[in-house]
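> Now for the letters of each chain:
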Amino acid sequence: MSLYFGIPILLIAAVLQSTWLESVNLLGGRPDLVLLLVITWSIIRGVNEGVLWGFVGGICCDLLSGGPFGLWTVVLTTVAFITGQPWVHRLGPTSIRLALMTALGTLTGHGLLLLLMALLGYPVAIGRAFSNTVSVAALLNFVLTPFSFGFLVWFHRRALPSGSFSA
Amino acid sequence: MTRRGRPWWPYILMAAALLLLTLNETGLLSPVEEALSFVISPIERGVARVVRAVGDVFQGGQEARELQELVTALQKENETLRIENIRLQEQYVAENEQLRGLLDFKNANPTFSLVGADVVARGQSAVVVGQDTNPYLGYLIINAGSRDGVAIGMPVVASGAVLVGRIARVSPHLAYVQLLNDPTSQVTALLQGSRASGLVVGREDPEKGNLLIMTEILPDETVAENEIVITSGLGGLLPQGLVLGQVESVSYQESALFQEAVVRPALDYRRLEAVVVLLDFERPPVEELEELLQEP
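Protein chains in written order, with numbering that gives the first Met the number 0: chain Y, 0 to 166; chain X, 0 to 295.
Chain Y on its own, in the form it takes in the complex:
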């Protein structure tokens, strides 16, 4: 059931990331809309649905990237796998979990993206990326978390019980 709205949401988020957010320059960086939605959904619905959203969102991002196909898919499924783990629910109130997981998910996502790019032969300046792009993205994602959470909780209440995959 969650994929009925998951696919269009992730598709539109990826397209907005490519068309609209590219022109947005806040503190020298930009938020990661698809990454944020995947992290939030995996916190709300758990690892199974989080990874599924990561897979779909990754393919959407890969289709709008000139980089190797599958790069974003690996990154987003891995991030969803980490942030959707049951131990995350023992970290305290929802706001704390969201804040911690958004920061951890953004750092992990960008770190893995840079690592895979380096392994695939792309020249990447990891130090600069972490001091500029990643830190700003983590901050902006953190600021946007309440909005993505509110938006996805609304859908969560209308979807089948947690863990359902039937589309």
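For the record, the hints were derived by calculation from the structure and aren't laboratory data. All C-beta atoms, glycine included, are put in the ideal place defined by N, C-alpha and C. Keep in mind that a hint or two might mislead.
If the Cβ cut is set under 7 Å, some of the chain Y residues that face chain X in the computed set are [stated by the list, open to error]: (1) Val-46; (2) Leu-62; (3) Ala-124.
Chain X: place on chain Y using the hints.
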């Protein structure tokens, strides 16, 4: 399909993601990518149109819009004139020098049979619909694809004769342009005035972001600031004379073998809205030359 019932599901998806990345390297994914991009490209184009329209609305009232239009028109005219000026300089001043050189060459070799040739370009215009979702890549997405004849490696120009980059990936309706300032981009280049040759590459700078750098300029060459940098056409991958930018600063260290120049791009790549893909241009017979060189 619950988490308790099937805990292996996330692992399968993660393995599938890794498989996608591996298959991409082998090129087996192209048909799948093409099929999926068939779905995403109309959405991308539609959203890009809406985003642009909404952006226009927020720009202000009628008067502001008229002024904006006037400024845009003047900027375009200025840009066109500037580029036309560069082209004319290239075409007449540099060409004159080259023709004189050729004439000298012909006079020195009266038995040679020579024929003059020009580069002929044919273009496919396209609109920029988006940027790369990967913040570490300098790519543009344009709304022309393999169905329009676009293929990997084709040069992409804007504002007449300014080289923007080359096609790096293509789907039926979209193409991905690797910008000149992408860290993996390399273009053989020439300084218009001094005719010094070099290689224009993209390079990440800790403070200024992605820069254009002209490297491999011989130490004895004189490089002036504001000198125009153009494509040299060496290798036959690009036509000669496309504008890349202007020299901003030059550096040379005694220990280094070559000089380096920071090049100010002729255009702001992030503000591009329309480009032209050069589908075909007359190339030098590189293959024949290679065959000749391989002959004992």
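> State for each hint whether it applies.
Against the structure, the hints come out as follows:
The interface hint given for Y/Val-46 holds, since its Cβ lies 5 Å from the closest Cβ of chain X, which is under the 7 Å cut-off. Look at Y/Leu-62: its Cβ gets to within about 5 Å of chain X, closer than 7 Å, so that hint holds up. A least Cβ separation of about 5 Å between Y/Ala-124 and chain X falls short of the 7 Å threshold, and the interface hint therefore holds.
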